[in-house]
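Asker: Using the sequences and the hints given, assemble the complete structure.
Top line first, the protein sequences correspond to chains A and B. Quick note, the first sequence lines up with residues 1 to 115 if you use our numbering. Quick note, the second sequence lines up with residues 1 to 112 if you use our numbering.
Honestly, the hints are just simulated from the structure, not real lab data. The structure presented is a predicted model; accordingly, all values stated were derived computationally and were not measured. It cannot be assumed that every hint is accurate.
Using 25 Å as the maximum straight-line C-alpha spacing, the simulated DMTMM-like pairs for lysine to aspartate or glutamate come out as follows [what the hints assert, rightly or not]: (1) B:56 x B:84; (2) A:40 x B:8; (3) B:77 x B:55; (4) A:36 x A:58; (5) A:71 x B:94; (6) A:41 x B:94; (7) A:41 x B:63; (8) A:9 x B:42; (9) A:41 x B:84; (10) A:40 x B:84; (11) A:41 x B:8; (12) A:41 x B:76; (13) A:19 x A:70; (14) A:41 x B:42; (15) A:36 x B:94; (16) A:19 x A:82; (17) A:41 x A:58; (18) A:44 x B:42; (19) B:68 x B:94; (20) B:52 x B:63; (21) A:40 x A:58; (22) A:44 x B:8; (23) A:19 x B:42; (24) A:44 x B:15; (25) A:67 x A:18; (26) A:9 x B:84; (27) A:40 x B:55; (28) A:36 x B:8; (29) A:52 x B:94; (30) A:71 x B:42; (31) A:36 x B:42; (32) A:22 x B:42.
Negatives, chain A to chain B, calculated, CB over 10 Å [claimed, not checked]: (33) 11; (34) 51; (35) 62; (36) 63; (37) 66; (38) 68; (39) 69; (40) 70.
Where a beta carbon is used, it is the ideal one built from N, C-alpha and C, also for glycine.
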Amino acid sequence: DTAVSQTPKYLVTQMGNDKSIKCEQNLGHDTMYWYKQDSKKFLKIMFSYNNKELIINETVPNRFSPKSPDKAHLNLHINSLELGDSAVYFCASSLLSQAPYSPLHFGNGTRLTVT
Amino acid sequence: GNSVTQMEGPVTLSEEAFLTINCTYTATGYPSLFWYVQYPGEGLQLLLKATKADDKGSNKGFEATYRKETTSFHLEKGSVQVSDSAVYFCALSDGTGNQFYFGTGTSLTVIP
Chain A
1 DTAVSQTPKY LVTQMGNDKS IKCEQNLGHD TMYWYKQDSK KFLKIMFSYN NKELIINETV
61 PNRFSPKSPD KAHLNLHINS LELGDSAVYF CASSLLSQAP YSPLHFGNGT RLTVT
Chain B
1 GNSVTQMEGP VTLSEEAFLT INCTYTATGY PSLFWYVQYP GEGLQLLLKA TKADDKGSNK
61 GFEATYRKET TSFHLEKGSV QVSDSAVYFC ALSDGTGNQF YFGTGTSLTV IP
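Answerer: Structure representation (structure tokens):
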């Protein structure tokens with residue numbers, strides 16, 4: 001009965017490879033997010049989708065492409081991985097219709113290591 | 001614009017000590033305020049929230065009061081335990097709800 005689940009938990013890959021991270025939420029939320037957390041624990045918003053529509057697209061290299069097949073899923077595909085992409089990536093969801101009262105619910109993160 | 005500033009860590013306390021982690025914010029409109037906790041190797045979990053001025057959020061012995069006059073939302077706990085060791089994030093949600101603004105996080109270590 002996990003609320004926000006993302007896979008894989010760990011991802012180790014070499015520079016230049018392409019990888020994907022999947023996220024699913026069963027909370028009935030209408031908005032999903034991707035955040036990047038660096039080694040100093042700083043959180044940076046990357047993307048946000050509301051009902052499959054992109055609503056936040058921060059300054060992120062276009063090697064990163066989010067895809068939302070439906071409002072319960074938001075996947076992140078990364079092309080041509082670089083060393084600087086190493087970080088923990090968090091998926092989150094919220095209920096936009098109850099903004100600003102609805103908090104974010106986070107997944108447990110995917111630790112990406114690029115070698 | 002919107003932003004959150006929280007005290008820098010790391011913070012180290014002895015068990016049963018009093019904890020305060022300062023958080024101040026700037027916001028347009030009427031934001032909601034949140035504290036999240038991140039235990040090692042895990043995602044962020046909502047600790048408490050307050051949605052309007054003078055509201056007090058509380059959970060697991062932690063408290064924070066939404067102070068509009070001082071634009072603050074300081075986290076307090078009267079007696080910390082070793083199990084409270086984690087990173088704490090202050091955050092706000094703006095009126096649109098599209099965007100959440102996070103502080104830089106404060107690492108807390110509680111020693112026996």
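Asker: Work down the list of hints and note, for each, if the structure agrees.
Answerer: Status of each hint after checking the structure:
1. Among the hinted pairs, residue 56 of chain B with residue 84 of chain B is consistent with the structure: their alpha-carbon atoms are about 20 Å apart, no more than 25 Å.
2. Note on residue 40 of chain A and residue 8 of chain B: the hinted pairing holds, with a Cα-Cα distance of about 11 Å set against a maximum of 25 Å.
3. For the suggested pair residue 77 of chain B and residue 55 of chain B, the alpha carbons sit about 17 Å apart, so the restraint of at most 25 Å is met.
4. Of the pairs offered as hints, the one joining residue 36 of chain A and residue 58 of chain A holds, with about 11 Å between alpha carbons and a cut-off of 25 Å not exceeded.
5. Between the alpha carbons of residue 71 of chain A and residue 94 of chain B the distance comes to roughly 22 Å, so the proposed pair stays at or under 25 Å and holds.
6. Under the criterion of a C-alpha separation no larger than 25 Å, the hint pairing residue 41 of chain A with residue 94 of chain B is consistent with the structure, at around 22 Å.
7. A hinted pair counts as satisfied when its Cα atoms are at most 25 Å apart, and residue 41 of chain A with residue 63 of chain B qualifies at roughly 23 Å.
8. Restraint check for residue 9 of chain A and residue 42 of chain B: the C-alpha separation of about 10 Å stays at or below 25 Å, so the hint holds.
9. Among the hinted pairs, residue 41 of chain A with residue 84 of chain B is consistent with the structure: their alpha-carbon atoms are about 17 Å apart, no more than 25 Å.
10. Restraint check: the Cα-Cα separation between residue 40 of chain A and residue 84 of chain B comes to about 19 Å, which is no more than 25 Å; the hinted pair holds.
11. A distance of roughly 12 Å separates the Cα atoms of residue 41 of chain A and residue 8 of chain B; the hinted pair therefore holds under the 25 Å criterion.
12. Taking the CA atoms of residue 41 of chain A and residue 76 of chain B, the gap is near 21 Å; set against the 25 Å cutoff, the hint holds.
13. A hinted pair counts as satisfied when its Cα atoms are at most 25 Å apart, and residue 19 of chain A with residue 70 of chain A qualifies at roughly 20 Å.
14. The straight-line distance between the Cα atoms of residue 41 of chain A and residue 42 of chain B is roughly 12 Å, inside the 25 Å bound, and the hint therefore holds.
15. Proposed proximity of residue 36 of chain A and residue 94 of chain B is supported: the alpha carbons are some 20 Å apart, at most 25 Å.
16. Straight-line distance between C-alpha atoms of residue 19 of chain A and residue 82 of chain A comes to about 11 Å, which keeps the hinted pair within the 25 Å bound.
17. Taking the CA atoms of residue 41 of chain A and residue 58 of chain A, the gap is about 18 Å. The hint holds against a cut of 25 Å.
18. With a C-alpha separation of about 17 Å, the suggested pairing of residue 44 of chain A with residue 42 of chain B holds against the 25 Å cut-off.
19. Between residue 68 of chain B and residue 94 of chain B, the direct Cα distance comes to roughly 14 Å. Compliance with the 25 Å bound is thereby established for this hinted pair.
20. For the hint linking residue 52 of chain B to residue 63 of chain B, the alpha-carbon distance of about 15 Å falls within 25 Å, and the restraint holds.
21. Taken as a hint, the residue 40 of chain A and residue 58 of chain A pair is honoured in the structure, with Cα atoms around 20 Å apart against an allowance of 25 Å.
22. This hinted pair checks out: residue 44 of chain A and residue 8 of chain B have alpha carbons roughly 17 Å apart, not beyond 25 Å.
23. A threshold of 25 Å between alpha carbons decides the hint, and for residue 19 of chain A with residue 42 of chain B the separation of about 22 Å falls inside it, so the pair holds.
24. Between residue 44 of chain A and residue 15 of chain B the CA atoms are separated by roughly 32 Å; this puts the pair beyond 25 Å, and the hint is violated.
25. Taken as a hint, the residue 67 of chain A and residue 18 of chain A pair is honoured in the structure, with Cα atoms around 15 Å apart against an allowance of 25 Å.
26. Of the pairs offered as hints, the one joining residue 9 of chain A and residue 84 of chain B holds, with about 24 Å between alpha carbons and a cut-off of 25 Å not exceeded.
27. Distance hint between residue 40 of chain A and residue 55 of chain B is unfulfilled; the C-alpha atoms sit about 31 Å from each other, more than 25 Å.
28. Between residue 36 of chain A and residue 8 of chain B the CA atoms are separated by roughly 20 Å; this keeps the pair inside 25 Å, and the hint holds.
29. Between residue 52 of chain A and residue 94 of chain B the alpha-carbon distance is near 21 Å, which keeps this suggested pair within the 25 Å criterion.
30. For a cut-off of 25 Å, the pair hint linking residue 71 of chain A to residue 42 of chain B stands: about 24 Å separates their Cα positions.
31. Taking the CA atoms of residue 36 of chain A and residue 42 of chain B, the gap is about 14 Å. The hint holds against a cut of 25 Å.
32. About 17 Å separates the Cα atoms of residue 22 of chain A and residue 42 of chain B, which keeps this hinted pair within 25 Å; it holds.
33. For residue 11 of chain A, the shortest C-beta to C-beta distance to chain B comes to about 15 Å, beyond the 10 Å cut-off, and the non-interface label holds.
34. For residue 51 of chain A, the non-interface assignment is confirmed: its Cβ lies about 12 Å from the closest Cβ of chain B, beyond the 10 Å cut-off.
35. Every C-beta of chain B lies more than 10 Å from that of residue 62 of chain A, the closest at about 21 Å, which supports listing it as non-interface.
36. No Cβ of chain B approaches the Cβ of residue 63 of chain A within 10 Å, the least distance being about 23 Å, so the stated non-interface status holds.
37. Separation of residue 66 of chain A from chain B is adequate, the least Cβ-Cβ distance of about 15 Å exceeding the 10 Å criterion.
38. A cut-off of 10 Å between C-beta atoms confirms that residue 68 of chain A is not in contact with chain B; the least separation is 15 Å.
39. Against the 10 Å criterion, residue 69 of chain A stays outside the reach of chain B, whose nearest CB is about 21 Å from its own CB.
40. Non-interface call for residue 70 of chain A relative to chain B: holds, since the shortest CB-CB distance, roughly 20 Å, exceeds 10 Å.
The structure fails hints 24, 27 (numbered hints given earlier, in ascending order).
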